[in-house]
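Assemble the whole structure, with the sequences as input and the hints as a guide.
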Amino acid sequence: MTLSESINAAEQRRPSRFGRMFEDRLPYLIVAPAILILLLVGLFPLIYSLIVSFQRITMTENDTSFVGLLNYAELFRDTRLWASLGHTAIITAIALPLELLIGFLMAQLFIDRMPGRQIFVALLVLPTVISPIVAGATWRLMFDVRFGPIGQILSFFAGEPVRILWTVNPSYVYPAIIICEVWQWSPFMFLLLLAALSNVDQSQLEAAEIDGASYLRVLRAIVLPAIAPVIAVACLIRGLDLVRIFDIIWALTEGGPGSMTETISLYTYVQGFSQFETSYTAAISFLVIALLTVITTLVLKRMELAR
Amino acid sequence: MKFRTFLSAAAVLALTGAAAPAADRDAADTAVEAAKKYAGTTISIVWEAGLQSLDPLNYSGPQWEKLTGIKVKVVEVPTDQMFTKIMQDFKSGAGAYDALNVIPSWMPDLARAGALEPLDKYVDKFGYRDELQDIAAAYRDNQMQYDGKIYGFPDDGDVMLLYYRKDIFEDPKMKDEFKAKFGYELAPPKDWKQFDEIGQFITDKMAPKVYGAGFFRTAPYPQYMFQERFRMEGGKFFNADTMKATVNGDVGLKVFKQMVAENKFMPPGVEQWNFVDNLAAFLQGTTAMTISWPPYGRWAAGYGSGEEALKWVPKSQVAGKVGYALTPLGRPELGVGFDLSVSATSKNKEAAYLFIQWLNSKKTSLARVQLPYTLRDPFRLSHYASEKYRALWPDAAAYLDTIKTSGEKGLLDLSLLQQDKYDEAMTKAISSLWAGEDPKAILDRMAQQFDAITEKVGIDNQKAVYKVWAAKPGAYPQ
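Residue numbers (the numbering used here), protein chains in the order written: chain A, 77 to 383; chain B, 31 to 508.
If you are wondering where the hints come from, they were derived from the structure by calculation, not from laboratory data. One or more of the hints may lead you astray.
As the list claims (entries may be wrong) - Coverage of chain A stretches by chain B, computed from C-beta distances (three or more under 8 Å per stretch; other residues unrestricted): (1) 129-141; (2) 217-225; (3) 330-344; (4) 348-359.
Stated by the list, open to error - Each computed SDA-like pair below joins lysine to any residue, with the alpha-carbon atoms no more than 25 Å apart: (5) B:Lys239 <-> A:Pro225; (6) B:Lys294 <-> A:Arg216; (7) B:Lys341 <-> A:Phe223; (8) B:Lys497 <-> A:Asp139; (9) B:Lys470 <-> A:Glu330; (10) B:Lys115 <-> A:Arg216.
Said to hold, decoys possible - Ranges of calculated distance between the beta carbons of each label pair, as one might list FRET restraints: (11) A:Val201 <-> B:Gln347: 42 to 50 Å; (12) A:Arg156 <-> B:Ala270: 24 to 32 Å; (13) B:Phe305 <-> A:Leu151: 41 to 49 Å; (14) B:Gln111 <-> A:Ser141: 25 to 33 Å; (15) B:Val290 <-> A:Ser350: 23 to 31 Å; (16) B:Pro503 <-> A:Ile206: 51 to 59 Å; (17) B:Val290 <-> A:Val197: 46 to 54 Å; (18) B:Asp431 <-> A:Ala165: 52 to 60 Å; (19) A:Ile206 <-> B:Gly279: 54 to 62 Å; (20) A:Arg320 <-> B:Gly70: 17 to 25 Å.
This one's a predicted model, so the numbers in the text were calculated from it and none came from an experiment. Even for Gly, the Cβ is constructed at its ideal location relative to N, Cα and C.
Quick look at the structure:
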């Protein structure tokens, strides 16, 4: 075969214009069904909820007319909504640093090899695999004023009956929620930080030790900068979880006494599924989405993780 | 005999003769006969999850299938989700439910929305009107209709009773000491002042072994107690002209202060007690008085103690020692209750109707209210008079008589449009009360919430519904 014949044969084998178009777009066609499904299950409800938030839909009325921004205007007058956001902020602001600190201390404790380390780690992680509603119900029993072990232990040390109404007394409801929350989720921080600490450059640590650097200096100058990205991600994940906190509080206090421990998730649930304010609930959801987006973006920027 | 007279006599004879079998046939039999044409179909019924649903699951459902060939699918739903599920089914038009259990205070919302099928035409078609007259007036006249139409058959005689320990109240030493101190006999309290004095007296004498009283204090139970006490002390929920809430006046304050003060002679931690905590304390003999629904009385007597489903109920230590009385001031709350209704979106409306007629009929309901493991309470005059029921345990007759009187004098739950929201405001207020917040501040907040709800529903709409409710004999003490 001559060169010109070979070129002609190659040109004949080359796909037609339609074939080339098909080849170019094949990757898109392959992922299209998945994207379509994602759009259907993700974007469609979001858009639909947005539309609903401009309507007047309640479970008990048949009027579903559009009311413009009325539901959003109502948000600003709803003191219970802002109070619930405040309660969420309090719980997040206290529980998150505590979980981080306890998780970090536990990770420090377990960073060195020791006998039975794997068993201890597995046991410590157990609370995180329990359903939060079960954790809340368990702690409710632990806090029970008559049969709960916590009261009995406190009574033993006090030498007289100690009767604390953990889920009723305003002075104790937040500590009760935070104890339960920290108990369940500190091991999550522990796991992430243990993995991060295990990857800190050993040569740097050895060099610092040879140079006679103190523990705090090593921690501040080497360890913390090395694990900072993991801390940031862990805080972000747990922070978002804490903003959504529902189950533990539902099991412990149901948002009470009164509305004292009602978080934004509880309030949204009550509006949507107890008071049947469908459109208003959609508006609350979009407020929360907007707030979370702003906060997350700011945090990511601050931590220089957005890049 | 003239020919015309003969013809008349023959006609009367023929008619009475022909009618005799029909007259013998009661509403249960009528429903069964009419339902046989639907043999092979399946109907679904929404029922409260837990003990309540053991009735259709273990007893009435299988029996209905045996009699008619119609299968019954029981959809168990927790109480706090029943309204939502019913409305969701209606709004979506899915028609997943045929028959429903409906709490009477929901009826205005469900009927207005169109979720319930009006039952009058079926009642007439299947001759059920006569047997409806046997339902105690408190339930029949107040919990069956909305806007002049029947939307449900009252099927549960819920009412609050006062239970007290006869052995303590009849103890000669206690009686003498009590009379010497207070100047009247130790007996079931006639008013809340007496209740407080008796409760404190027993606690002073017998605690920590026995406390004067115990109540359930966690949501949603105490709001029924508040509704009763508030009205019995002269309170009105709203100004009927303006629909402004009036719960935060002197009466509300008095009741709230009394309720908090009573916790002091009750067992420590009573603020955390739910239905089961309170039941356990009374059955174990830790409290001398309590107020609750009728099942407490049956279980305290040990009725049904061998049942597998009742294993969670603590074994009664007070069987034979429990007396039954009206709650203080004598007009107990007809708290909650259940109606049997037909879903407006059902595809088997007539079959569903026939099932609820059969369930609710004199004959079937008498058997159902005696099932030890369910929570259906007597609600028909024939239930109260049933010789069989009155012999179920030694004090059963006194129990039924007290339920009957309580029902006759009972006060209705507040029932307005979007009643759930008013209930939630009351529940939250009472939980703040246990937390030690200032009662006046709580009541003012509750009144504000009531006003906000009313405004949102529409003052005129709500005023019309309130007017109808307030005109009922059981709404306010006359």
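*Which earlier hints can't be squared with this structure?*
Going through the list in order, the structure violates hints 10, 13, 19 and 20 and respects the others.
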